[in-house]
Every structure is written in structure tokens, then in C-alpha cells.
Amino acid sequence: MKSDCSFAYFTCFALLLSGCRPAPLPPPSASTPRIISLAPSITEIVYALGGTNQLIGRSSACDYPPAAVSNVPVIGDFGVPSLERIVSLRPDQVLYTDVADPMMDSKMTRVGLHPVHIACERLTDIPPAIIHVGQLIHREPQAKALAASLISQIQTAREQATTFINRPRILVLIWHDPFYAAGSKSFVSDLIALAGGQNIGDEINRDYFQASSEWVLAHDPDIIFCFFMASSTPVSQTIIRQPGWSHIKAVRDGRVYDGFDNNVALRPGPRVMQGFEVIKNQIHAKQ
Amino acid sequence: MMALTPFILTLCVMMGPSGIGMPDLNTDREILMLRLTRVLCGLIIGAALSCAGVVFQAILRNPLAEPYILGVSSGAGLGAAIAIVTGIAAAGAYVLPLCAFVMAVITLALVYALSRNGDSPSIYGLILSGVIVSAVCSSLLMFMVSVSSIEGMHSILWWMLGNLEVSSNNVLMLIGVVVVTGCFGLWAMSRELNALTLGHHMAHHLGIQVKVTIITALLLATLVASAAVGVAGLIGFVGLIVPHIMRNLVGADHRRLIPAAAIGGGVFLAACDALARTILAVEIPVGVITALLGGPFFLFLLKRRRTQSWLD
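If you read the protein sequences in the order shown, they are chains A and B.
Per the working numbering, the very first residue in the first sequence carries number 1; after that it's consecutive.
Per the working numbering, the very first residue in the second sequence carries number 288; after that it's consecutive.
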């Protein structure tokens, strides 16, 4: 058990060194730094590390867990924070993953804030991101434990994935008008691979891309995952009614799945394994 | 009208998403500085766009002319998109404004080169080649949007909606110098511009060097507009409506019109920006407010003048 643990620490450290982009640490300011999170995944990490009392601001998309974050002031929408609201809360650090304004980092620095970019986009980014956040909010032991447990869970899943003989070919759609599919650079592509499936969008070297009907028909996926909300009709019905799509294997076999909790399945945060389990169960539902 | 300026600017500083009221100098110094820079940026960008608008309308003798008509906006948009998609925009506070500015200037050079008809550029040639170059730049921009990642798309769209937050004080200062110099330069050309509004031949007979004047004024106006677009993205309507409103108020003499447009455009944009950041919890693109406020106000002035002339 002890050796397992140290292996996990080692992997974690290796991931931290190799897995994601380097981000310099800002000078530690207070013993419990007051932070603002601009991304739901970071907010979830902060919560998982027990640091919600240090969270003094969040984006409107940071919705989990509702009881813990609903009283935290909102500083803007995801990707478009209000600089003035951030300044008015006087945080020690501002943690962000992705913002619309490419110059937001310089803008925050200009007004005396300490922005920190947390790389948290892919599956392998999550454990180093947890460690990074843990260092920033001075909760390193909790962060190391959480990262280690996550790494071992991922490792177990990865070993299990090699045992599946059948690797269904999967199309992941995140939007229906037009059809947007997940490519090789998307987070959900990592989850599909880990669950023993093949994302047919992996041949496109992008995060998400517009997929034509012809492309989908030519690839004839075994399973279609729909990660989008439809307005009135059930999502899978939208897919089935597409002209020509009735010939696709997934539609013929009735393997068009919807109703996922996108906040779990598409958010690279500490709840990743929950989303992974749902995806895995769907993939291997009918063998 | 001018007496209202300090009052409106004070109101602008008092408005913001963190609360309405004058920020406390002792505790909220940063917020005050943030709002002051935004108001200053609004003044500079608004002055740039409306002065450029005045000059474009005078030279092209077209009431629908605006600073973006010769493709400056599409060129700048393409420059910004290139900076965002290649990732160099994140390298520093100067990169994105510089890319947008440089592409805008290149676009103007292209438009000018295409419109030359023998010796002097023809007005129709300028407008037509402006439309064509602008369309080509727009489709290149659309192409870049279609192949960029979701985040890149988000960033390009965000830039195109326009924003008055500056990335560094130096950028603001640099833009301020360019815009103020450019506007004074255009003001110094007032007499020539007045003559040009009578037509090229008339201006020539009045002793104006038509070609030199057009080139200089166009270059200055585009330089000023490109600087504005580079920093603030695409903010529509200011450069179209404010010149008309000011011409209505102070007359068509450029010696009075240019300074009036500079002040009017600046105050108008600063006020619109104050509303944009205060009205809703999420900031509204300032271009939406300029169009929503400017359009009806312009129609009101137009109708009032028409009624008066009827009475006359």
C-alpha cells in the first residue's frame, strides 16, 4: 500500500513536470490567501480541497456545489469577468483557465491584481492543476492526497480499458445546429479513450469542429453521444430524424445517448471520474 | 452643450458594476483609477472615430461614409484574428493592438493603390475598392474563425464587439498621442476640407492641391481610426452619427466641426461605456449602446430640423 502511494506521488510529480504548461507561482501573500475563481473547474477544485471559505468571488458558471458557492459574489460570466468587480473584492490571487480577452492577464496585472493561469483542459491536466491550486491556497496536503487518488483511479481505468476487446467507434456531438463534434484535443475525447471507446473525431486535430452529415455517414459510428440540450423534442430524436442518418449503425442499434450532466462530463475538475463512469457504462451497456 | 461635458464625465466616473457613486479615494483608489482610465479611453477613441468620420464624409462627399468605409475595420479585425489564432496576442499588452493597427494600415494602402485612376484617386474608385478589399478581409476573417478553436472563436468575437478596457497605460498613452496629433493635423486642414466639400474641381480652382490634401487627410483619418480600432475593437455608429449630430449643432465649417466632433464623440462614447458597464450584471458591448442611443437621437435631430424648415 505504501509503495502504491509513493508511486502515485511520483506519477503526480512527473505529470506536474511534464503534463502541462509551466506557470510561475506568485509570491505568497497571506497565510490563507483570498482568491477569486474565474472557472467552474477551479471552483470545484477549491471546494474539494476544503478552501471554499477563501473563495471571495466566482464566475456565474461556477455552480457546484450550490450550497457552498451560492453566497459567493459573482464577478461576471465565464470567460468575460468584470475587472472592476474583481478589483472591488480585493483578492490576493485571481485563478483562471480561459478568458475571452487574450490580454486579460496584462489588464489584471496593470491594476495590481495577481492573476494565475491554471492549465486545466485535458484529463492529465487535472491532477497537476489540483496540486497547483493547493499550493496557491496553502492546502498542499489535501491537494496531494486528492491528486494521488485521482491518478490512481485514472491508472486503474486505463489498465481496465486495455482489457476491453470491443472498442466501439463513438461520435460525440456537443451541438446540433450545426453539428459540432469533439476532436482529438477535447477533454471528452480523453474520457472516451479511457472508457475503452474510439472517438471517431480524433482524426481531426482540433478541440471541437463542425461535422457534416456526409462525414458522419462515412464514419458510421457505433454509438452517438449527445452533449447538448434540445429545446423541445428529445435530443436523440433530433439525431434520428436527420435525413440519411437512419442508416447509421448507432441509430439502427438505438445507441444514441443523451441526458448527460454536462457539468460533470465536460468539466475537467475533481468530479471527472463520475462523468467517466456514466460514459463508460453507456459504452459497455450492450456488448 | 459644452458646459454639460464636465457634468457628464463626472457621472461616468460615478458609474460602474461594483456600485454607483464616487469611489472612496482612500479605500477604492484602484476602482477610481480603473474608471478614470476607461473614461479617458472613451474620450480618446470617441474623438478619434468621430473626427475620422467627419473627414471621410467630407472627402468622399457621402453622408454614409464612416471611418470603417475603406476597410479599416475588416483589416484590423483580420490582424486581431491572426494575433489571437496564432497565440501571439497573449505574449504582451502591445501585440494585439499593434497587429490590428498594422493590418488596418496595410488595408488602406491596398485600397488606395487599387483606386488610383491615372494620377489622382477617384472617389468612386476609393469607395469601390474599399468595399472589395473589406469583403476579402472579412472572408479571410470568417475563414480564420471557422478553423480556430472554440476559445479562439470566443476571443475573436469578443474583440469584434469592442471594449474600452486598456491592457496597459503605455498603450493608452501611445494611442492618445497618435489620436491627438492626428486630430490636430486634421483640424489644421480645415480650410482645405471646406473647399473639398464643394467638389474636386471647385477646390482645385480655389487653389487647393486636391491630390495632396486628399491623401494627407485620408492617411491621417485612417491612422487615427486604426489606432482607435486597434485598442478598442470595432465600435460602430460613433464615427457615423456623431459627425452628423455635430454638423447639425455647429454647422459644416470644419474649423468648428472638427473640435466639436472630437469633444462630442469622446463624451458620447464615454457616457455610452458608463451605461454599458452599469446597466446589467454582465457588461454589454459598448457598440450596442452607441447604436441604441445614437440612432434615435439622430432621428430626433433630423425630424426637428425638418419641422423647422417646414415652418420657415
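In case anyone wonders, no lab produced these hints; they're calculated from the structure.
For each residue, glycine too, the CB sits at the ideal point set by N, CA and C.
Careful: at least some of the hints might be erroneous.
One side only, chain B facing chain A, incomplete, derived with CB under 7 Å [unchecked claim]:
{"#": "1", "residue": "303"}
{"#": "2", "residue": "383"}
{"#": "3", "residue": "409"}
Requested in this report: Hint by hint, work out which the structure violates, then give me just those numbers in ascending order.
Outcome: Of the numbered hints, just 3 does not hold.
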